[in-house]
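S.K.: Each chain is listed here by its residues.
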Amino acid sequence: MCTRDPLQCILPPGVLRRIAEKGDDTARASALSTLALDQKFRLARAEAAARVGGRAARPVTFARLGGQANRTIYDQSQGESQTPGKPVRTEGQPPVQDAAVNQAYDGLGATYSYYWSTFQRDSIDGQGLPLFGLVHFGTNYDNAFWDNAGHMFFGDGDGSLLTQTTAGIDVIGHELTHGVTQHESNLVYSGQSGALNESISDVFGIQVKQMALGQTAESSDWLIGADIVGPQLAPALRSMKDPGTANPHDDQPADMDGYVDGGDVHTNSGIPNRAFYLVASQLGGKTWDAAGAIWYATCTDPQLRSDASFADFGRLTVVQAGRRFGATSKEVDAVRNAWDTVKVGL
Amino acid sequence: MRITRRGGLAGVPVSAEVETRSVADDAGAHLEALVRAHAGKPPRDAVPPHPDAFVYEITVPDQSQPVFLPESEIPIDVRRVIRDALAKGSVGSRHPPTTAEPLG
Numbered sequence: 001m002c003t004r005d006p007l008q009c010i011l012p013p014g015v016l017r018r019i020a021e022k023g024d025d026t027a028r029a030s031a032l033s034t035l036a037l038d039q040k041f042r043l044a045r046a047e048a049a050a051r052v053g054g055r056a057a058r059p060v061t062f063a064r065l066g067g068q069a070n071r072t073i074y075d076q077s078q079g080e081s082q083t084p085g086k087p088v089r090t091e092g093q094p095p096v097q098d099a100a101v102n103q104a105y106d107g108l109g110a111t112y113s114y115y116w117s118t119f120q121r122d123s124i125d126g127q128g129l130p131l132f133g134l135v136h137f138g139t140n141y142d143n144a145f146w147d148n149a150g151h152m153f154f155g156d157g158d159g160s161l162l163t164q165t166t167a168g169i170d171v172i173g174h175e176l177t178h179g180v181t182q183h184e185s186n187l188v189y190s191g192q193s194g195a196l197n198e199s200i201s202d203v204f205g206i207q208v209k210q211m212a213l214g215q216t217a218e219s220s221d222w223l224i225g226a227d228i229v230g231p232q233l234a235p236a237l238r239s240m241k242d243p244g245t246a247n248p249h250d251d252q253p254a255d256m257d258g259y260v261d262g263g264d265v266h267t268n269s270g271i272p273n274r275a276f277y278l279v280a281s282q283l284g285g286k287t288w289d290a291a292g293a294i295w296y297a298t299c300t301d302p303q304l305r306s307d308a309s310f311a312d313f314g315r316l317t318v319v320q321a322g323r324r325f326g327a328t329s330k331e332v333d334a335v336r337n338a339w340d341t342v343k344v345g346l
Numbered sequence: 001m002r003i004t005r006r007g008g009l010a011g012v013p014v015s016a017e018v019e020t021r022s023v024a025d026d027a028g029a030h031l032e033a034l035v036r037a038h039a040g041k042p043p044r045d046a047v048p049p050h051p052d053a054f055v056y057e058i059t060v061p062d063q064s065q066p067v068f069l070p071e072s073e074i075p076i077d078v079r080r081v082i083r084d085a086l087a088k089g090s091v092g093s094r095h096p097p098t099t100a101e102p103l104g
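Protein chains in written order, with my numbering: chain A, 1 to 346; chain B, 1 to 104.
The set of hints was computed from the structure by calculation and includes no laboratory data.
Idealized CB from N, CA, C, for every residue including glycine.
Certain hints may be false.
To be verified - Per label pair, the in silico range of CB-to-CB distance:
#, chain 1, residue 1, chain 2, residue 2, range
1, A, Gly85, B, Val91, 44 to 50 Å
2, B, Gln65, A, Asp307, 22 to 28 Å
3, B, Ser22, A, Pro248, 44 to 50 Å
4, B, Arg21, A, Gly159, 28 to 34 Å
5, A, Pro95, B, Ser72, 57 to 63 Å
6, A, Ser219, B, Arg21, 51 to 57 Å
7, B, Pro61, A, Ser117, 28 to 34 Å
8, A, Gly67, B, Glu19, 54 to 60 Å
9, B, Arg2, A, Thr341, 47 to 53 Å
10, A, Asp255, B, Lys88, 33 to 39 Å
11, A, Ser113, B, His38, 51 to 57 Å
12, B, Pro61, A, Pro231, 56 to 62 Å
13, A, Gly326, B, Gln63, 56 to 62 Å
14, B, Ser22, A, Ser113, 35 to 41 Å
All chains should be built: construct the whole structure from the sequences, respecting the hints.
M.R.: Here is the structure:
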């Protein structure tokens, strides 16, 4: 007699998601478990690739059409365990009473939509990776992070440095982009490659915010974290337009004259952040049409090494701008001018 | 001992003094033992396990070099002691760690 759980058989993720949404308690738990298992296999492949310093192998999974996020939000109830807590909202379910849950759900969705509608990238890994948001992590926890294992954690903030981190749609885009980087160039998180890793997250985080708010390069405030800062860090964590001016403690340099040797990755990221802002503002309009597209092509270029310097990255942006828009295009000029302005010699 | 929390999404360091012997339960002793166990290890060992993770720089008066600990290596009861101290701490600049090794 067959005693297998039918949900552990080969079922497309879409079917499993529908069961998770509409099945009875037993079927729902089993479907969620199977979706999580699929996630583990994906991560095992990615981690195996990361250990040998290469790019994450493209997982062989069910053929997907893409275009549909697969979100699950868990309530960590102020605990610090990194095991997902109680599932409180899954894909397609209506809003709940807890605003943090809904903000996390919407922010994950906005980030998925940005990557799909702009680059036809199906989630973090390009293969439909489920998006797990874990809210109310820790007590007064002043942070939000991507754990390199498929989860985004959200602290509630202490009210002084940070407030509820789910409120920052750019922050959610920032953190999930760390996952994209993990699956692409896997930039080493120290030195210039670490600052690039941070900058790339700001670059795509601000675009997620701009797209969600219907903003252009001209109308954007180019501020990161404006919706999650408490009084000590107001008005924002970082300014991509004017690094070093976002709050009274902001010491980001705006060009290589201020580069801090051995500095924090969040410090020197101001330099490539400003380069991106300069390209986007010079070209104008929707940021993702040109500047964002050039940066995305660079981030997914196999030539981008995990230990890339600012100059390595900058040279690749010129190459990608030329491929996409032509070697004598205004886009190439904008990219060259931006890196020149921030004093990164190509 | 003096504790500086670095990294996190904000990337803003926060520092505070902790008098471990005044901590009511065993967490203070646990913190002291943790620092002793990591004394002398190169800061490279404290590279964050993931982006935007917190890393703690702990300076003990009788040791010349600070100890660097990723948050994931700190037991939850010790994290509580540190968190309570840092709640009354001060925000600093993102100057490089004293051993000149970049930390996230």
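S.K.: Run every hint past the structure and note whether it holds.
M.R.: Do the hints match the structure? See the list:
| no. | hint | verdict |
| --- | --- | --- |
| 1 | Gly85/A x Val91/B: 44 to 50 Å | violated (30 Å) |
| 2 | Gln65/B x Asp307/A: 22 to 28 Å | holds (26 Å) |
| 3 | Ser22/B x Pro248/A: 44 to 50 Å | violated (31 Å) |
| 4 | Arg21/B x Gly159/A: 28 to 34 Å | holds (30 Å) |
| 5 | Pro95/A x Ser72/B: 57 to 63 Å | violated (33 Å) |
| 6 | Ser219/A x Arg21/B: 51 to 57 Å | holds (56 Å) |
| 7 | Pro61/B x Ser117/A: 28 to 34 Å | violated (56 Å) |
| 8 | Gly67/A x Glu19/B: 54 to 60 Å | holds (56 Å) |
| 9 | Arg2/B x Thr341/A: 47 to 53 Å | violated (39 Å) |
| 10 | Asp255/A x Lys88/B: 33 to 39 Å | holds (36 Å) |
| 11 | Ser113/A x His38/B: 51 to 57 Å | violated (44 Å) |
| 12 | Pro61/B x Pro231/A: 56 to 62 Å | violated (33 Å) |
| 13 | Gly326/A x Gln63/B: 56 to 62 Å | holds (59 Å) |
| 14 | Ser22/B x Ser113/A: 35 to 41 Å | violated (51 Å) |
Comparing the model with each numbered hint stated earlier shows that hints 1, 3, 5, 7, 9, 11, 12, 14 do not hold.
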